[in-house]
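J.: Spelled out from the first residue to the last, the chains are:
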Amino acid sequence: MPTVRIPTPLRSLTGGESRVDVAADTVGALVQQLEADYPGMAERLLDADGELRRFVNIYVDGDDIRFKDGFDTALDGVGEVSIVPSVAGG
Amino acid sequence: MSTINALQCRECGRAYEPRAVHVCEFCFGPLEVQFDYQAIRDRISRESIAAGPQTLWRYADLLPVESGWDPTWPVGLTPLQRAHNLGERLGLNRLYIKNDTVNPSFSFKDRVVAVAVAKARELGFETFACASTGNLAGAVAAAGARHGMDTYVFLPADIELGKVRGAAVYGARIVAVDGTYDELNRLCSEIADLYEWAFCNINVRPYYAEGSKTLAFETVEQLGWQAPDHIVAPIASGSLYTKIGKGLRELVDVGLLDEQHTRIHGAQGDGCAPVAEAFARDSMTYRAVRTPQTIAKSLAIGNPADGFYALKLAKECEGVIDAVSDAEIVDGIRLLAETEGVFAETAGGVTVGVLKHLVENGEIGPDDLTVALITGNGLKTQEAIDSQTADSFAVKPTVTSFEQVLADRGVYVTA
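So the sequences go chain by chain: A and B. Be aware that the first sequence starts at 20, since it is given in our numbering, and climbs by one per residue. Be aware that the second sequence starts at -17, since it is given in our numbering, and climbs by one per residue.
Don't read these hints as lab results, they were simulated from the structure. For every residue, glycine included, the Cβ atom is placed at its ideal position computed from N, Cα and C. Warning: the hint list may mix true and false statements.
Computed list of chain B residues with no C-beta within reach of chain A, every gap over 10 Å [stated by the list, open to error]:
#	residue
1	Val5
2	Ile31
3	Ala33
4	Gly130
5	Tyr152
6	Asp240
7	Ser265
8	Asp308
9	Leu361
10	Phe384
Using C-beta positions, here's what the derived DEER-type ranges look like [claimed, not checked]:
#	chain 1	residue 1	chain 2	residue 2	range
11	A	Gly59	B	Trp207	45 to 53 Å
12	B	Tyr(-2)	A	Ala61	17 to 25 Å
13	A	Gly59	B	Gly50	33 to 41 Å
The following block holds chain A by itself, in its conformation from the complex (with noise of 0.2 Å):
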């Protein structure tokens, strides 16, 4: 079952937890159940249309979901998932 990492502008919702344990197999299955959980929390990362916000970045095991299957990456054997706001470059 893998942690998930909440970054500070969420942890309102996880009553301030950092690190929340949450089984899913798939990152699309994850966020429902974190929004089961703490509700409030889907429409902090989704838009609209139900697409990851553009300033948002999911983290597999530290690779962007936006490169592997989007919502559909699995989590067989993923030991953390991280929240990760966009952090621009200089």
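Starting from the structure of chain A, add chain B where the hints point.
T.: Then chain B, alone, in the frame of chain A:
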């Protein structure tokens, strides 16, 4: 009196107090400074600017800082040079280059950092930092030294030694991070939260980014208060490009220009050109580049934070965003150096290369007033032209030997 209304999310529009925050707490969108243009309009004039310092702080009314700046730190107001020779080669009669290679740490990053360091002081920060792979590191280290702040520069551990030296010489603490640039950036955003340090490209970024507008302000002032027909600018994150647009709009908003119709064109290296690629597809959604492969390393941001806004601006101002190959970049560097005596870094080669495309494609006409932004010094990226160094003559210390070598090469000089 503050001329800042708020920080506003560019995605969902939520407004925030102007503190050291950079992302919207709701949707993670980037925050941007919103000014009170009416108040600025009442106090600013071409005369008040002309009477100001010979630095970018002559535009302080349009920058998001109330105090804390040093108007004698010689950033900005760089030369706008008429480029007759380059213009002749390209077929342009009214070409200028904005020469930002001559800032204190030799790139336009000194502009954004000057604003960031002033804001950091104003907000009470004592430590100034950035995550960088290049120009930003040197700019932050130099400004930190000048302003007496503790300075930390985070670099990937495998970075070129020259870039480490270029920041270390100013006394900055260099933190070499064993990880990718992306991992390093994530580390820095966590450190910014924990330690209450001012990170240029993280928690003070909304202020920092405004510094790029001064390139547009100066260009217009130096042209005798007229907006050019075209500006060509490099694109990495897209921040500079979009702020050129914001700067030109503001000049109209505060009454310094009656109107402006500048077409702002963007330039990328084709080994990392997510914005140019989306532009070519006529799409507003860029595809992030996972492994950038271009000699224009200062532009090699695969996931450009302002990519969407750059595409939006290009549509609005009828700009073109184009890309050039490594060979064209080197040609651009050499062409600029050989015609104008200005040695630009690879980003300058990208800009000149795209300028050439735009002329060839008829986007820029021969009599159009055109400005190319040359944003960094070539001494920073000498390896890019290593294989292209000019022909050198090896001779013995005698005139006979010298003349023999000339003759061998078919060069005859009349003594």
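J.: Which numbered hints turn out to be false for this structure?
T.: 1
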